[in-house]
Amino acid sequence: MLILAKSMTEVRTAIWQVVSLIPAGKVASYRQIAALAGLPQQARMVGRILSKLPKDTAIPWHRVVNATGGISNPNASHQIERLAEEGLTPINGRINLKHHRWQP
DNA sequence: TGTTTGACGGACA
DNA sequence: CTGTCCGCCAAAC
Numbered sequence: 001m002l003i004l005a006k007s008m009t010e011v012r013t014a015i016w017q018v019v020s021l022i023p024a025g026k027v028a029s030y031r032q033i034a035a036l037a038g039l040p041q042q043a044r045m046v047g048r049i050l051s052k053l054p055k056d057t058a059i060p061w062h063r064v065v066n067a068t069g070g071i072s073n074p075n076a077s078h079q080i081e082r083l084a085e086e087g088l089t090p091i092n093g094r095i096n097l098k099h100h101r102w103q104p
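The numbering of the first sequence is the working numbering, which starts it at 1 and goes up by one.
Hints are computed from structural coordinates only; laboratory data are not their basis. A portion of the hints provided could be inaccurate.
Said to hold, decoys possible - Okay, the calculated beta carbon distance ranges per label pair: (1) R82 x Q17: 17 to 25 Å; (2) T9 x E81: 25 to 33 Å; (3) M8 x R82: 25 to 33 Å.
Unchecked claim - Straight-line C-alpha distance at most 20 Å; calculated SDA-like pairs for lysine to any residue: (4) K55 x T13; (5) K52 x N75; (6) K52 x Q79; (7) K52 x L21; (8) K26 x W16; (9) K6 x K55; (10) K26 x I80; (11) K98 x E86; (12) K55 x E81; (13) K26 x E81; (14) K52 x T13; (15) K52 x S7; (16) K26 x G93; (17) K26 x A67; (18) K55 x N73; (19) K52 x G93; (20) K26 x I91; (21) K55 x I80; (22) K26 x G47; (23) K6 x M45; (24) K98 x P23; (25) K55 x E85; (26) K6 x L36; (27) K6 x A35.
Virtual Cβ for every residue (Gly too), placed ideally from N, Cα, C.
Generate coordinates for the entire structure from the input sequences, incorporating the hints supplied.
Structure representation (structure tokens):
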């Protein structure tokens, strides 16, 4: 009998660590982060955790986009600005995942 | 305690 | 392409 239950603190930490691995100039989807953090089918959890990040965090949350390459963050303009600094420019509101997706 | 919501995503019409 | 439906689950209400 496996005990899979993880505290929110552990889940949060796992997600933070995975997001921190995304290199500049690359992006990952919420689903991708969830899977790498050991939380399959729980992309929403990733979004929830990121939404609670402190404003001054060093975690590159801006490199996380939705499955279509679009920006889900309510404050999209800020995120797009950060991405632009890394050479990522959304076309028609979305990043080309075909070319910019982070592949560990 | 029951219901709704949300930085999601895939299947389907 | 748009819109609907369902699974997911902590937090807010």
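Now the hints, each set against the structure:
R82 and Q17 have their C-beta atoms about 20 Å apart, which keeps the hinted 17 to 25 Å range intact. The supplied range of 25 to 33 Å is met by T9 and E81, whose beta-carbon atoms lie about 31 Å from each other. One distance hint, 25 to 33 Å for the beta-carbon pair M8 and R82, holds here, with the actual separation near 26 Å. As the CA atoms of K55 and T13 are separated by approximately 17 Å, the hinted pair is consistent with the 20 Å bound.
Between K52 and N75 the CA atoms are separated by roughly 13 Å; this keeps the pair inside 20 Å, and the hint holds. Taken as a hint, the K52 and Q79 pair is honoured in the structure, with Cα atoms around 15 Å apart against an allowance of 20 Å. Between the alpha carbons of K52 and L21 the distance comes to roughly 19 Å, so the proposed pair stays at or under 20 Å and holds. About 16 Å separates the Cα atoms of K26 and W16, which keeps this hinted pair within 20 Å; it holds.
The hinted pair formed by K6 and K55 fails the criterion: a straight-line CA distance of about 26 Å is larger than 20 Å. Only pairs whose Cα atoms come within 20 Å are accepted, and K26 paired with I80 is accepted, the gap being roughly 13 Å. Restraint check: the Cα-Cα separation between K98 and E86 comes to about 17 Å, which is no more than 20 Å; the hinted pair holds. Simply put, K55 and E81 have alpha-carbon atoms about 15 Å apart, close enough for the 20 Å limit, and the pair holds.
A hinted pair counts as satisfied when its Cα atoms are at most 20 Å apart, and K26 with E81 qualifies at roughly 14 Å. Distance check on the hinted pair: K52 and T13 sit about 13 Å apart at the alpha-carbon level, within 20 Å; holds. Distance hint between K52 and S7 is fulfilled; the C-alpha atoms sit about 16 Å from each other, no more than 20 Å. Between K26 and G93 the CA atoms are separated by roughly 16 Å; this keeps the pair inside 20 Å, and the hint holds.
As the CA atoms of K26 and A67 are separated by approximately 14 Å, the hinted pair is consistent with the 20 Å bound. For the hint linking K55 to N73, the alpha-carbon distance of about 13 Å falls within 20 Å, and the restraint holds. Between K52 and G93 the alpha-carbon distance is near 24 Å, which puts this suggested pair outside the 20 Å criterion. At roughly 15 Å between alpha-carbon atoms, K26 and I91 fall within 20 Å of each other, so this suggested pair holds.
With a CA separation close to 16 Å, the supplied pair K55 and I80 stays within the 20 Å bound. For the given pair, K26 sits about 18 Å from G47 by alpha-carbon distance, which is consistent with the 20 Å threshold. Pair hint K6 plus M45 holds up; C-alpha atoms about 13 Å apart against a cutoff of 20 Å. With a CA separation close to 16 Å, the supplied pair K98 and P23 stays within the 20 Å bound.
Taken as a hint, the K55 and E85 pair is honoured in the structure, with Cα atoms around 18 Å apart against an allowance of 20 Å. For the hint pairing K6 with L36, the CA-to-CA distance comes to about 15 Å; that is within 20 Å, so the pair holds. In summary, the hint linking K6 to A35 is supported, as the alpha carbons are separated by about 15 Å, within the 20 Å threshold.
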